[in-house]
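Based on the sequences and whatever the hints tell you, model everything.
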Amino acid sequence: MIGAFGAMNAIGLVAFAVVGALKGADADLDLFGVGVLGMATALGGGILRDVLAGRVPVVLRTTSDVSVALVGVGIGVVLARAMGGRLRNHTAVQLPDAVGLAAFAATGALVGTDAGLSPFGVVVLATLTGVGGGSIADVLLGRVPAVLHEDFYATPAVLGGGAFWLATGIGVAAGQATLGCAAFVFALRLLALRYDWHLPTI
Amino acid sequence: MIGAFGAMNAIGLVAFAVVGALKGADADLDLFGVGVLGMATALGGGILRDVLAGRVPVVLRTTSDVSVALVGVGIGVVLARAMGGRLRNHTAVQLPDAVGLAAFAATGALVGTDAGLSPFGVVVLATLTGVGGGSIADVLLGRVPAVLHEDFYATPAVLGGGAFWLATGIGVAAGQATLGCAAFVFALRLLALRYDWHLPTI
Amino acid sequence: MIGAFGAMNAIGLVAFAVVGALKGADADLDLFGVGVLGMATALGGGILRDVLAGRVPVVLRTTSDVSVALVGVGIGVVLARAMGGRLRNHTAVQLPDAVGLAAFAATGALVGTDAGLSPFGVVVLATLTGVGGGSIADVLLGRVPAVLHEDFYATPAVLGGGAFWLATGIGVAAGQATLGCAAFVFALRLLALRYDWHLPTI
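Protein chains in written order, with the UniProt record's numbering: chain A, 1 to 202; chain B, 1 to 202; chain C, 1 to 202.
Any given hint could be a false lead.
[To be verified] Cβ-Cβ distance ranges computed for the label pairs, FRET-style:
1) Y195/C x Y195/B: 40 to 50 Å
2) L199/B x H90/A: 46 to 56 Å
3) H149/A x G171/C: 45 to 55 Å
4) G171/C x H90/A: 45 to 55 Å
5) G142/C x R88/A: 15 to 25 Å
Derived by calculation from the structure, the hints in this document are not laboratory data. Being a predicted model, the structure only gives us computed values, none of them experimental. Ideal Cβ placement from N, Cα and C applies to all residues, glycine included.
Pasting the structure below:
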């Protein structure tokens, strides 16, 4: 179980650090601003997850998490240099963003279940963990977060949190449910991007 | 006492979910964005309250709170359809907003007192609980929160938190003080709207 | 040790309350908005620090902290009246801002060490405590926080957090390390402002 948490947490940290660094470069921030935005995107969701579950953020208790996020920022900086501008809505951002969303949503569902939250609490925590870091980054840049105008951004995390809760409820081991949840969220998000899925408008 | 907390908490959740959904519809968000904004407005203040008081948010521990907020979002969606656009500063938004402000400020005062906060701590928690959800929603929409430019928005919550602390200090039961605090905040806010009350400018 | 924490905490509260009030006056907020922004700037960093370290915010547990912040807001209001507009990037804002950054970063490093965080956790907490209040104020005003576009704003706090951790690691008493950390951050920030230091851009 620790294995599944650690793996998904590390994958989410790297993926979101890359996304945040690319977003920062796209917004013409200088190197430090790119680093700050990368770190905020990477660490934001996990900090929110742990504070809401009533524990000191794992990122502050370990040395590994910040290191892993810094590696992701470095990858993002190299990618940004290689690609030049025009990164928004580019696959190089959307793909790691989907990876981060899926990995972090799965850790949120796992931590929520461990903390004895209600089913709805597990879904809310999975969703907030998945979308939290990116939303913080968008707010810092003065943008309306993607979660408000891309309907199939939070939806996969909501469904993934529900699926995790159902799976553990019928006896699936937590580690397997975590990996399954991440795969499910990732697939849903990719399909939404590929086929331009939308919910009905009011 | 649980009765007063539960009642004010539920009223605040529904009222702010309606407000958030109407704000989202007014900002031309699609159905999912409207739902997200409604949930953020409804859940934001209570999550802030519980995290600051050092406890796992009640909304994550129960199934009822998310359900109640979803009902509020549904009411908001129906209202938005019925009313069309032009919702900002409309009575249909201001009235439930005053209800939510009053109900949540009262829960903040109660939770702060239970957590053994100082008098000023009780006032700060009442205020943050009352204005938190709406401020999060405004920030997500890229707007300057009402609390910064409408002076008699936070003021009723500040005064209500102080009144709650005074009342419990002279022996009023917590449940009665909670209801009294909510009624006081609601009346002040309505009077401020009706008579266009303002604090002096610098 | 409590002495060093109390002193740095109080200095940070007053300094950031002044900064927030001046920022609010510069943004043409009315008196109440100025007060709210001053309080948000003053209390934001410390609340973030304590919540992340897993404790109820000291500002909510004491009466002194809110009082001290209110004094700072009062000073800021008097200063704003005396100076008129055109306050952004003025020394009267930058100087107390450097004081607040230094004092709060030091409290963040101390609280992080007390909470048994990892070295990186101490650095992250020092940084978030130092830049948190000002960033919240900037977001509320709809501005991109200084931390994203002024590279030597967060950097002094990062280096100060690292220096604190090194100092306590080689046996310097926590109280002395706190004062030394604050002096170090303050000096770095002043030098960055005076000599217009910048990190390389991508």
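Evaluation of the provided hints:
For Y195/C and Y195/B, the Cβ-Cβ distance of about 54 Å falls outside the hinted range of 40 to 50 Å, so the restraint is violated. For L199/B paired with H90/A, a C-beta distance near 48 Å keeps the hint of 46 to 56 Å intact. As the Cβ distance of H149/A to G171/C is approximately 54 Å, the hint placing it in 45 to 55 Å holds. Hint check: G171/C to H90/A, Cβ distance near 51 Å, so the stated range 45 to 55 Å holds.
The hinted window of 15 to 25 Å between G142/C and R88/A holds, with their beta carbons roughly 20 Å apart.
Checked against the numbered hints given earlier, the structure breaks only hint 1 and satisfies all the rest.
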